[in-house]
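Engineer: Sequential numbering of the first sequence, starting at 1010, is according to my numbering.
Possibly wrong hints are sitting among the right ones.
In the SDA-like style, the derived pairs of lysine to any residue whose C-alpha atoms are separated by at most 20 Å in a straight line are [to be verified]:
(1) Lys1127 to Lys1429
(2) Lys1469 to His1190
(3) Lys1160 to Asn1607
(4) Lys1578 to Glu1640
(5) Lys1502 to Asn1553
(6) Lys1619 to Gly1539
(7) Lys1554 to Glu1501
(8) Lys1426 to Gly1125
(9) Lys1127 to Met1361
(10) Lys1636 to Phe1583
(11) Lys1626 to Asp1602
(12) Lys1645 to Ala1627
(13) Lys1558 to Ile1637
(14) Lys1160 to His1190
(15) Lys1578 to Gly1539
(16) Lys1045 to Asp1590
(17) Lys1366 to Gly1396
(18) Lys1674 to Arg1657
(19) Lys1619 to Glu1603
(20) Lys1160 to His1433
(21) Lys1235 to His1190
(22) Lys1081 to Ile1063
(23) Lys1289 to Lys1366
(24) Lys1375 to Glu1388
(25) Lys1028 to Phe1057
(26) Lys1674 to Glu1561
(27) Lys1045 to Ala1096
(28) Lys1022 to Ser1032
(29) Lys1045 to Phe1104
Think of the hints as simulated: they come from the structure by calculation, not from any bench.
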Amino acid sequence: MTITDIQNALREKVRVIAKEKLSVEPDHIASEIPPKTELGDLAFPIAFELAKLIKQQTGEKQNPRAIAEELKNGISEFDFVDRVEIAGPGYLNVFYDRTGFLLDENSAETGANEPGTKVCVEHTSVNPNKAAHIGHVRNAVLGDTFIRILKADGKEVETQYYIDNTGVQVADVAVGFMFIHNMNLDDIKALDKELTESDKKFDFYCWDLYAQVGRAYQENEELKEKRAEVLHLIEEGDNPTADLADFVATRNVECIVETMERFGVRYDLLPRESEILHLKFWEKAFGQMKELGVIHYETEGKNAGCWVMPFAEHSGTDDHESDKILVRSNGTVTYTGKDIAYQMWKLGILGMDFFYKRFHRYADGKEIWVTTENADEAESGFPAFGGGETIYNVIDTRQSYPQEIVKKGVAAIDPEKGEKASVHLSYEMVALSPAAAEELGFELSEEDKGRTFIEMSGRKGLGVKADDLLDRMEIKALAEVESRHPDSDEAEKKHIAHQIAVGALRYFLLKFTRNTVIVFDFKEALSFEGETGCFCQYSAVRVNKIFQKLAERDESVAEIKAALTDREKVAEIFGSEAGSDIWSMLILAARLDETIHNAAAVNEPAILAKYTFNLAKAFNLFYHNHKILPEPDAVKRAVLISVAEKVRDSLTRSLNTLGIEVPEKM
RNA sequence: GCUCCCGUAGCUCAGUUGGAUAGAGCAACAGCCUUCUAAGCUGUGGGUCGCACGUUCGAGUCGUGCCGGGGGCACCA
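Full structure from sequences and hints, please.
Structural biologist: Spelled out as structure tokens, the structure:
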């Protein structure tokens, strides 16, 4: 019986007693984990509410403590309950049977999940015109971790990285290549080869070029006009400019996929915007919306010639219309329009499909697929893509407004699915502290210096590039590993340094809740002490070491645990002075699945990050207070090792769910 | 103007659908390595939870108003 089963059984019992004995049915049976172990393992502050309900129904005034007494008797019947206490004005504190719990945990089967429903998660979706910066990594790590959480919670998940290969940003870089550097496709290919040979990255080159184009636009109006032409040619496709842009976008995606792989982030499918257009996905969605009358054509006013969707929730002003343009007067489709079609496809309600081909093969053989409009290019052997029961879109909170429109558009066509099934997993940006911006070599205006943070900007070339930061972390971690394990071989040291660097960065990005702006600070991000990924890894390495030692000494864990059959002695240990300590450790480790479920339910990976840190912290204390291997008493040693085993399992799984590996040694 | 988010220790942040004495990390100071790894552990100091009113047995959490900071309201995404 898992801890979740226990809680559900207790909650259900409380509900039944309330109904049968007290004739009241509260909407929700609240329960909480008491602030201290001495106050029990689960508490119901329900008596107050029941007293109120009884008073409302009958006018009879009941003492909450008397109600708690009534509940206590029923709950005490369970085998897994050791005792129930009534505390304060009417808290019902339940204490689990510690011995039974430990033995049960030891025999419990882990995770026999039924095949769950399929969901799609879109994340990363960096514009394919430059290298990824730390803000993009927040998106990717958030999405990737959420996916791991959903999978751990029993869902089948498909990961998509949407490629906006026909947008303005790609056009900007194409303009740079074509009109600033006067390069054609062959020149760019030659440049790419040259860069690769000198160990430089194409996306880094584009990063600088994009910033250069941004500056050039300010002083060169002609160039800006070129952008519109280039954008139009890219959207149209099948011309030299479109081919050039396609090469640039594809190379950038390759680079970004490579970068994200370093962070442990992977994808299943790369749906491309060009296919949404050329395979007429948009036209189909457009037709349906026209038919349903959710959009209309403006014949006059400032939006004359556009197809717009009214958006009544936002009131219009003189400066701003409340309508959202989906089709521009020149006939091109806005991103919002294209996203409606894309989301419909993701939900499996569009009734059309892409062609697919292989894009990339990871070292372990896993493949990424990409969409194609060309039936001749299409490859077979791909898994069934799209058709998610729920779709999660990991997108910056600054896009909340367009996301609302997209949702509304989808809901207009399919009311049943649209409203609930499309979830905007929003998160705040990663910004730079003024100090960090200066550290990157940017000159700040007086106004900027006074700001609490400075927004990163691809257009200005202002940002911490993902690869640069990870490189820096790996160098720092390697120095630490060198000093601790000078005799290990180079490859192993590098591997450990990499694991530590990724752990530190992922944890750093995950410990903040989604709606907190992360003001990036080098010192804090590069730290290996305190609340960091490294701290959690270190704790896991420690617990692993105990079992390594046992193996070295040819001691069998199963044989050691045989001593647990002496239930009386086990109960005595839990009842001793150290007993509560040991029990706290065990029950905290047992709360992983509950925590994962909670994190999935409220779409908040930070909950799991915090839990992991608390678990690691608790184990460090446990480790300090109880000498496990030298413990002379066989039964106590068995108890300590069983608890350590549970911690090892939970901490490893918890870290893996955060995408953080546990190094062999640290 | 409209709208969303934030305001909790010197700094950076947690705080479950309203529950018990508001917690971490960093920074500061004082301790702990013949032991299963000190990237660790222990202790000390540090709070009008922005302000006010309200709802409630109970408010950091919910409501209203105000103050302060940020985002959004493009024929960009």
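Engineer: Between Lys1022 and Ser1032, does the CA-CA distance stay at or below 20 Å?
Structural biologist: Satisfied, since the Cα-Cα distance of roughly 14 Å is no more than 20 Å.
Engineer: With the threshold set at 20 Å, check whether the alpha-carbon distance from Lys1235 to His1190 stays at or below it.
Structural biologist: 14 Å, holds
Engineer: For the pair we were handed, Lys1375 and Glu1388, check the Cα-Cα distance against 20 Å.
Structural biologist: 16 Å, holds
Engineer: Within 20 Å, alpha carbon to alpha carbon, are Lys1426 and Gly1125?
Structural biologist: 18 Å, holds
Engineer: CA of Lys1045 to CA of Ala1096, is that 20 Å or under?
Structural biologist: Cα-Cα ~13 Å, so holds.
Engineer: Are the Cα atoms of Lys1502 and Asn1553 separated by 20 Å or less?
Structural biologist: 18 Å, holds
Engineer: Please work out if Lys1028 and Phe1057 have their alpha carbons no farther apart than 20 Å.
Structural biologist: With a Cα-Cα distance of about 15 Å, the restraint between Lys1028 and Phe1057 holds, given a limit of 20 Å.
Engineer: With the threshold set at 20 Å, check whether the alpha-carbon distance from Lys1127 to Lys1429 stays at or below it.
Structural biologist: At roughly 15 Å apart (the allowed maximum being 20 Å), Lys1429 and Lys1127 satisfy the hint.
Engineer: Quick one, are Lys1469 and His1190 close enough, alpha carbons at most 20 Å?
Structural biologist: Holds, at about 19 Å.
Engineer: Assess, step by step, whether the Cα of Lys1578 is no farther than 20 Å from the Cα of Gly1539, and give holds or violated.
Structural biologist: The given pair, whose Cα atoms are some 37 Å apart, is violated under the 20 Å limit.
Engineer: Has the given pair, Lys1558 with Ile1637, been kept, meaning a C-alpha gap of at most 20 Å?
Structural biologist: 11 Å, holds
Engineer: If you draw a straight line from the CA of Lys1045 to the CA of Phe1104, is it 20 Å or shorter?
Structural biologist: Distance ~12 Å between Lys1045 and Phe1104 Cα, so the pair holds.
Against the hints set out earlier in the document, violations occur for numbers 14 and 15.
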